[in-house]
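Q: The residues making up each chain are set out below.
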Amino acid sequence: MIRRVEARALSERTPVGPLRVIPRLLRPKFLGALGRSAGRRTLGGKVPVLLLSAAGAFAFLFFVSTKLLGAVREVPEVGPLLASKMLGLGLLLFLSILLLSNLIAALSSFFLAKDLPSIVGAPVDWLGLYGGRLIETLGSSSWMVLLMLLPVVAAYQWVYQGDAVFYGIAAAAIIPYLVIPAVLGAAITLVLVRVVPARRTRDILALVSVVAVALLIVGIRVLRPERLMNPEGFRNLVDFLEVLRTPSSPWLPSEWAAQTLVGYLEGRFDPFWLVLLWSTAAGLVVCGAWLHRRLYARGYTKAQEGADTTARRARVWRVFRFVLAPVGLERREMILKDARVFFRDATQWSQLLVLGVLLFVYIYNIRVLPLQTSEALSRFLISMVVFLNLGLAGFILMAIAARFVFPAYSLEGSTLWLIDSSPLPPETFVWSKYWVGAVPLLVLALVLTFVTNRILGVQAGIMALSLVTITCLTLAFVAQALAWGIAMPKFETGNAAQIPTSLGGLLFMLGALASLAAVLATQLWLLRGYMLSGLPGRVSRDPTFWEIASALLATTLLAAGLTVLPYLFARRRVSAGAG
Amino acid sequence: MIRLEGLTKRYGAFTAVDAIDLEVPKGSLFGLLGPNGAGKTTTLRMIAGILQPDEGRVLVEGFDVVRDPYQAKRRLGYIPDRPFVYEKLTGAELLRFVAGLYGQDGAAIEERIEELLRLWDLERWADELVESYSHGMRQKLIISAALVHRPTVLVIDEPMVGLDPKSARLLKDLLRAFAQTGGTALISTHTLAFAEVLCERMAVIDTGRIVALGSVEDLRAQAKAESSGLEEIFLRLTGGAAEGELLRVLEG
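Chains as they are written, first to last, in our numbering: chain X, 1 to 579; chain U, 1001 to 1252.
The hints are simulated quantities; they were obtained by calculation from the structure and are not laboratory data. One or more of the hints may lead you astray.
Taking lysine-lysine pairs in the BS3-like style, the calculated list, with each CA pair at most 27 Å apart, reads [said to hold, decoys possible]:
hint: 1; chain 1: X; residue 1: Lys-114; chain 2: U; residue 2: Lys-1088
hint: 2; chain 1: X; residue 1: Lys-29; chain 2: X; residue 2: Lys-114
hint: 3; chain 1: U; residue 1: Lys-1088; chain 2: X; residue 2: Lys-302
hint: 4; chain 1: U; residue 1: Lys-1224; chain 2: U; residue 2: Lys-1088
hint: 5; chain 1: X; residue 1: Lys-302; chain 2: X; residue 2: Lys-67
hint: 6; chain 1: X; residue 1: Lys-302; chain 2: X; residue 2: Lys-114
Bear in mind the structure is a predicted one, so any value in this text is a computation, not a measurement.
Chain U on its own, in the form it takes in the complex (with noise of 0.2 Å):
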């Protein structure tokens, strides 16, 4: 379970998250949907306790990331937007490393290395340094290092960017499985067919503030978008003013 109180994020005079107030029930895939800068960044990082928030607090599990964050990271697994990894470790190295930092070690967690290695077809390259590795190989590899000490809390921020359509729909099964079996995913994501497919519920995010909240029913309502799909409520909730401005660079 995820749950966000009066969550707020200043960088000086700017507000990139502006009292947020959100929970995420346990067993459940969650879509976090908005712009770019809406905050959505900000906010999934601040839940991994990378950034602490101004005002608010986040609890994860019902541990507070701020006050007790030894607890609350031991329960969750972040996958950030950007894969960037040590380049001088060997895939395997750097699963084994992040499992440490976890305190998890010895046979069972070598097993399960192995596992998230062939799961992403990532076996061959265990023992290659991570700056031979493509995008997509990077993509995969945080996805297992995220996975590696079994958290029962994720959050995704930009899950698909560089995986190859296989890969794709092996993440959707394994986060499907995942919720079945009781864990929690926070996902923000720009691909919105994954998000309709996969989240029962999701939330609009704008200017740092959450415009819509509910399952794609419920945000066809709020946007007054009946027989609507996904993208066209997500332009109607976050300005769809853009648009005209697309056609009339394209037209020169």
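So that you can see chain X by itself, here it is in the shape it has in the complex (with noise of 0.2 Å):
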């Protein structure tokens, strides 16, 4: 039944001011949100799980930036020095995050959002609009940003002994600190959607932030920062800030929360710096109204246009096509849907640019091990190195299934009635969706061990052993992923990344995590012998014949029953209509 109190308010059809507007905009997201955990809570308790969680990494963080910090201040002469500019560059470097972030966020909440249709057409104060949406936009983007920044300011204050009021000056320099890539974010979107049909801007900005990202991981790693444990590592590192410079910059709002802080701390604190972070803050909302409202209704208008959707008919589909021929019609037809969503959607395919650039570093990370450091323990290294290897492949492939396998059921989503209402046996969706995460995984998990193994120079019977247990897990966490994916589903988001976040893709790591345990526990138990031959003062040797068989059998059933067990069960759960 319609209020009659709301009924009055439509009818008088007169704006509601900003200070009124902009918390009646933001309560259906606070409300949904808070619906959405309290549903949660009745699955098991995701709320304490998650706070666990943030406090764990919140107590990580605080460990290793106290003792990254304390490492540094000791550094004679530049130690203080280098604090500051390591402070300045993290801010730098979280703001650069902020900035990209806000622009993904600012086109979905002023311009893809599903309720701006009914908030567009309704009486709505323009600057109530603007106010709205760009605390949406601050808020949606800049959490997770200030919970990684919260241990390392947290870490100054410890090492550097500062008082209480420091949190204050800390909140103080935070608040506008994340404003001023907020503004920013929405103004150049505004601008964007103005050159660039949104959708299409989407694309783009998805592509621009995983190359982003794929930059950053490799000029981290080229950098090499595990030259810092010993003293020649520093002496690069001074080179490195003093080529570069690239915190002495006094045009950037990080460098000035980066001196409102160290400043501080060092009991020489200058208002002037948080002045010019909130004024230049304040000036700047006030631009972006302006722009906001100048540009916004036309700027939405345009928003409403579609990017260039013809499919070209590619002759990749057809060799797809006859390629995919002997596995059958449906299983065909099903395999080629999948692979055309994916490759259509550049917030999916653009993920593998990720994982390349993840493999690089990965196997850079193999090449420049220092394991010859005496002939004696290399050998014992070596093989360590060879389980380590497979372990730390084995948890990447367990996140990549997380992030490509386990979604692959939810995103069906409102498809779904499509596949139900069909013919297609369960087992033979349950096949399409297995197969289509196991080959690219199988290949990348295969390739990976092998190059790896071939750089590190093992034996033979290690490499084939490897090769068996990397194509067995492989195998594994697909059927876990698909099996957890299925079991507890997340229909209402259609953003891929978004879904392994669930309390599904967290119980989907943790089983995983306790199969790649046990496997690898299980074949060191076995090759025990070999591994502690490789010790300083005993008789280094192969490992013999029977204990790479009894290894590889018993991987093998292990394995087996790790796969066959979640395959079954998401047949099983697909039968009975798992939505």
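From these two lone chains plus the hints, build me the complex, please.
A: Pasting the structure below:
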């Protein structure tokens, strides 16, 4: 029933002021988030798990930051300067992340959100709309950076033994530091949407952010920060900082925030930096609001235009159809459909770039490992690294399965009726989903293991064991990811990257981690004689045939169980109508 | 032919469909009417094999949808109330995909796809991604998807939503022709005029139960509403008390 009060308010059609509009716009988002977490509480306590994870992450970052900062400060002469520059660099890094995530969030909240037609169509004050959406953009893109920043700030207070006032100063510096990229992100998006259709802009931004992350990972890795572990590394870092002079720029808010924080901790607090932060933020908000008033109406209209959506009849799909012919018509069509949907979605395929970079970094890490410390020790080290390598490769594959296989069922979501009402047998559906995930992952796993083992120069028997193990683990991870994804689907989001962050995703990771530990522990136990022979003072030898054979058998049997059981579970759930 | 026997569906303590018995004979168009939340969509989703009933059974052309889903679903085309389809496929690719799910492929299906796209004026959109389609175009696409494998039974949930007058007329003609060639269709709709001109028989469903069944004349007699239109009959059968409420709201 429509309430009379609301009916009257609608009939008056007078614009509501910004101070009343902003809370009204934010309330549904807040209640939605609250409702979601309340709903999850019934699923076995998502909130405590999240709090525990956040506390764990905070403790870890705080520990690492205090250790690193403590070590840096002790460097003779340049220590304090380095600590200040480190904070400036860190804040600069966070600022670039913030700008990028604000660009993407602003595009969604200002132009693509589903509630916009009803809001834009209502007599809502323009300033209220700008303020409400800006706060939403700020919140959704800054919370994670804030969570990472807090332990770093706490570490500085701890190491410098700052007083409680420092936290007030930090809050006063961080608030405008977060506002500035949010306003800039919203303004840049506003201008971008005037030039490029919103849906194409989203693809471009997704690609840009992925490339930026990829470059960042490569950049950090190629700098080889592990050299900090020896005194020569410090010399290199100083050279590096001197060459770049990055954090010395007085034009960036990250530097103003760093000057505020370190200045206070070193007893040379200058309110100028704080005033600069707040006045810039306030000035930008005013400019952003002005820009919004001038450009938003046309920008929103332009955003309704779609990008070019004509799909070329590419030859590659015809080749794909031909190659897939032996698997049967239904399976072929399912696989083709999944491949098309994946490669036409920039937010999906662009993730492959990050994957490529991770692989590069991984192989690079193996190449630069300092294994040749002494002749006696290196043999033991190499055999240990082979198993560590398997563990790490397994972990990477697990994460990839979580990102690409776990969401496979959830992504069917609102289109599941098409599958459910067709005569497609549930086993065919599960088979297709399984192999669409397993084949690319298997190729990746085998290449990764083979190349890294070649770099390590491992013995043939161990190479064979590694390749069989990684094959078994991959098949098990895919089955488990699929089973968890079907058992605990997340239909309400269309964003594949968000789906693995659900409780089901967490449970999959824990289960897969336990599987990995079980397989590796069994192998290490069966090969303990060979492993220990590599220690100094012992007669080193190659693994015997029986050692390799027993490890192969145990791995295969264990992994078979860890694959078949979740696979059968997935089939049963789909047959029973999992959705 | 569609037959429902004691069909029941519960969501926790709430009974959405309560022991429905119904038979839709071969070669007929049958209307399913009822207010929002009456259980129409749940019933249709059980017939289409998307939901499994808690009790009772559904027979499509004599095949039990739960026990023999492959045979039942091969003969059935389902058109849902909301046209959710894969946004990143083109219209032609979607139809090809659906045909594949029904085990159909090759030149005959390519011809069928062209024929359906031409029928619904979607030819020039065949290679466009579905994400660029309007609501009405999507509706026409899912009607095509339901027809691509030449079913003998159609289950249709709100067929008129989003269709322009030309397409609505086309759908009516198509359904009449479908029934004349031996096809069976169960149509759930709020568009009473559509049901009145098209369906020989209909059932009115309320709170999960069938409250009236038969031709318009039969319903008129059951509602004790001589010389009334279907709208009046519908309101009498499903409780017309909301009218007074509506007037109070509008008067403020």
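Q: Does each hint hold? Answer for all of them.
A: Results of checking the hints against the structure:
no. : hint                       : result
1   : X/Lys-114 with U/Lys-1088  : holds (19 Å)
2   : X/Lys-29 with X/Lys-114    : holds (12 Å)
3   : U/Lys-1088 with X/Lys-302  : holds (21 Å)
4   : U/Lys-1224 with U/Lys-1088 : violated (52 Å)
5   : X/Lys-302 with X/Lys-67    : violated (51 Å)
6   : X/Lys-302 with X/Lys-114   : holds (16 Å)
In this structure, the earlier hints numbered 4, 5 are contradicted, and the remaining ones agree with it.
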